[in-house]
Amino acid sequence: AVGDSGVPRRDSLLLEAGFLAVLVAPLRLLKWRSTAWRAHDGVTFWLVRWLLFRLMFASGVVKLTSRCPTWWGLTALTYHYETQCIPTPGAWFAHQLPVWFQKFSVVATYVIEIAVPLLFFAPIRRLRLFAFYSQVLLQVLIILTGNYNFFNMLTIVLAFSLLDEEHVGRWLGRSKRKQASSESLAWPPSLGAVLSTLLELSAYGLLLYWSVQYFGLEINWEKRLLDSKVAFTYHEFTTWLRAVTLPLVGLGFLSLSWEILSAMYRCACVRGCFWKLWAALQWAVFATATVGMFAISLVPFTYIDYESNGKLWPGIHQMFNAVERFQVVNSYGLFRRMTGVGGRPEVVLEGSYDKQTWTEIEFMYKPGNVSAAPPVVAPHQPRLDWQMWFAALAHHSSSPWFTSFVYRLLQGKKDVIRLVQVDESRYPFSAQPPIYIRAQLYKYWFTGSAEGSGEGPAPWWRRQHVQEFFPAVSLGDPTLESLLSQHGLKDKTPLKRSADAFLPRLLQSLRQLSRPFSGPAVLWSLYLVAATISLLRAMGRRPRGGAPPARHKGPRRGEPAERGGGEKNGQVRRKEAKEAEEKGEGRARGAAADGHSDGFRGAKKKK
1 AVGDSGVPRR DSLLLEAGFL AVLVAPLRLL KWRSTAWRAH DGVTFWLVRW LLFRLMFASG
61 VVKLTSRCPT WWGLTALTYH YETQCIPTPG AWFAHQLPVW FQKFSVVATY VIEIAVPLLF
121 FAPIRRLRLF AFYSQVLLQV LIILTGNYNF FNMLTIVLAF SLLDEEHVGR WLGRSKRKQA
181 SSESLAWPPS LGAVLSTLLE LSAYGLLLYW SVQYFGLEIN WEKRLLDSKV AFTYHEFTTW
241 LRAVTLPLVG LGFLSLSWEI LSAMYRCACV RGCFWKLWAA LQWAVFATAT VGMFAISLVP
301 FTYIDYESNG KLWPGIHQMF NAVERFQVVN SYGLFRRMTG VGGRPEVVLE GSYDKQTWTE
361 IEFMYKPGNV SAAPPVVAPH QPRLDWQMWF AALAHHSSSP WFTSFVYRLL QGKKDVIRLV
421 QVDESRYPFS AQPPIYIRAQ LYKYWFTGSA EGSGEGPAPW WRRQHVQEFF PAVSLGDPTL
481 ESLLSQHGLK DKTPLKRSAD AFLPRLLQSL RQLSRPFSGP AVLWSLYLVA ATISLLRAMG
541 RRPRGGAPPA RHKGPRRGEP AERGGGEKNG QVRRKEAKEA EEKGEGRARG AAADGHSDGF
601 RGAKKKK
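Taking the UniProt record's numbering, the leading residue of the sequence shown gets 1, the next gets one more, and so forth.
Hints are computed from structural coordinates only; laboratory data are not their basis.
Among the hints, erroneous ones may be present.
Restricting the straight-line Cα-Cα distance to at most 30 Å, the calculated cross-link-like pairs of lysine-lysine (BS3-like) are [claimed, not checked]:
#1 223 x 355
#2 443 x 355
#3 490 x 413
#4 414 x 311
#5 311 x 355
#6 355 x 413
Derived CB-CB ranges, DEER-like [stated by the list, open to error]:
#7 237 x 274: 52 to 62 Å
#8 205 x 141: 38 to 48 Å
#9 488 x 237: 42 to 52 Å
#10 258 x 414: 52 to 62 Å
#11 393 x 136: 25 to 35 Å
Computed from a prediction, not measured in an experiment: that's the story for all the values here.
Here a beta-carbon is modelled for each residue, glycine too, at the ideal position from N, C-alpha and C.
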């Protein structure tokens, strides 16, 4: 969950994807209103596909290199749904699935994360589409069973780099169905189509063979289930990984080289000497930046095999060391080891006024009350609830912030209380801060489908007390003061800020406006507003009355052909305009023919 630099994986991915967005969609000089596809866009967009490949391939590999017995025994998902940071209600239902299906799901995860990413660079379009839908399926299932904030949605966005304009056009209803149907009905098929189909079927066959061979998939007809087991050793896997790491780097280099050469050809096709030079200049700048990003990304990518990492050119390591602090490229590896195998550890806070009667402090999102249903909070990131999950995995001294958290609750700090409960009525000490606070460690498990048939609401969880996690303390308690001093968390003089500065006043106003609402409500409101604005803009661009678009104007004199979407796009648009004109002339002839005799209509046909 945390990278080598201490930054969480989700934030590392957001940082790298945000930096790539600068290269993929920079300010469009001399094209303020244009959304045309530029000649070099394929080069920078390739980096998004490379990021997706590194993310997924490394996430699958580290599950096996970690030697976690649950991943090697294919039983990880029998624990995952109830031990993840913040489950969803769907996690409870997924946890009830039979063990054989859970093991098969682990096999499918390995296939999607290790084998399918190799198809990201396939020259056959349908293989890339298969890889796209495989990745989207995995991310959607994770979204349904776990709250991982924006991480899975961002991964789906990265997966769009596997699509092309034709496929997206089908979603938007802009595909040329007549042309596609005529090509599909062409007989006999061309040699290229036959070879493409054979290669595609071979790829699917190899995926199926690899899955059956290396995971021992076998149907048990007596028990009516699918048996599976890992049919290779750790040594065999690390040997394979060492053999393929550098060839995968070579595969990425070849794919990038093809994109660069294709973009160079498109630049050469631009009309006009000046605009040709301008396109070539942009191509040179962005191609150089892309090659540089690819080079420095090889260092964190080859962390999956340190022997391969040591074989990289020393200059690449120097380049990476120069930019490492900016987190523009990172190493990835999700769910390396499965925690909570013996039960989900959970810290429960308790407050009291007399040290005799203790009241539990419920959080908004993390498990506490066994009868409370797991929430759905994505894409919101409740960082306090996540940190409570990490704190429960070790002694409280491993999480120094926890001592400060208890201290602020004893002080009754409103901003800290709002991290626990936005609704003050649900916070048991809203009227007066507790005098004493302590923390207990519990083990939580999902209930079974047959449990909870008695009176009252059916419980989602069952729990068992383990031990005391944090001793009972109060303000001025020597134990609390010692811990605060030990971690350097004593109160310090706050920084002096200008009360009249514009930005602090603006942020304070925004906080006041959003204070009554929860994090998910605020985020989804922003998303809905953005989606509504985009929809209204799209509707505003549509021609009124549903009439066919008028003939597109060609580029003005001295203007590059790519200003209207490139020479290729210009030809397509002229073809569409011609088809629309022919349709219009056909309607006119049909209307005129309705007012004449059949003989005149026959003479018109003969002519």
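Legend entry - Broken hints, by number: The structure conflicts with hints 1, 4, 5 and 8, although it agrees with all the remaining ones.
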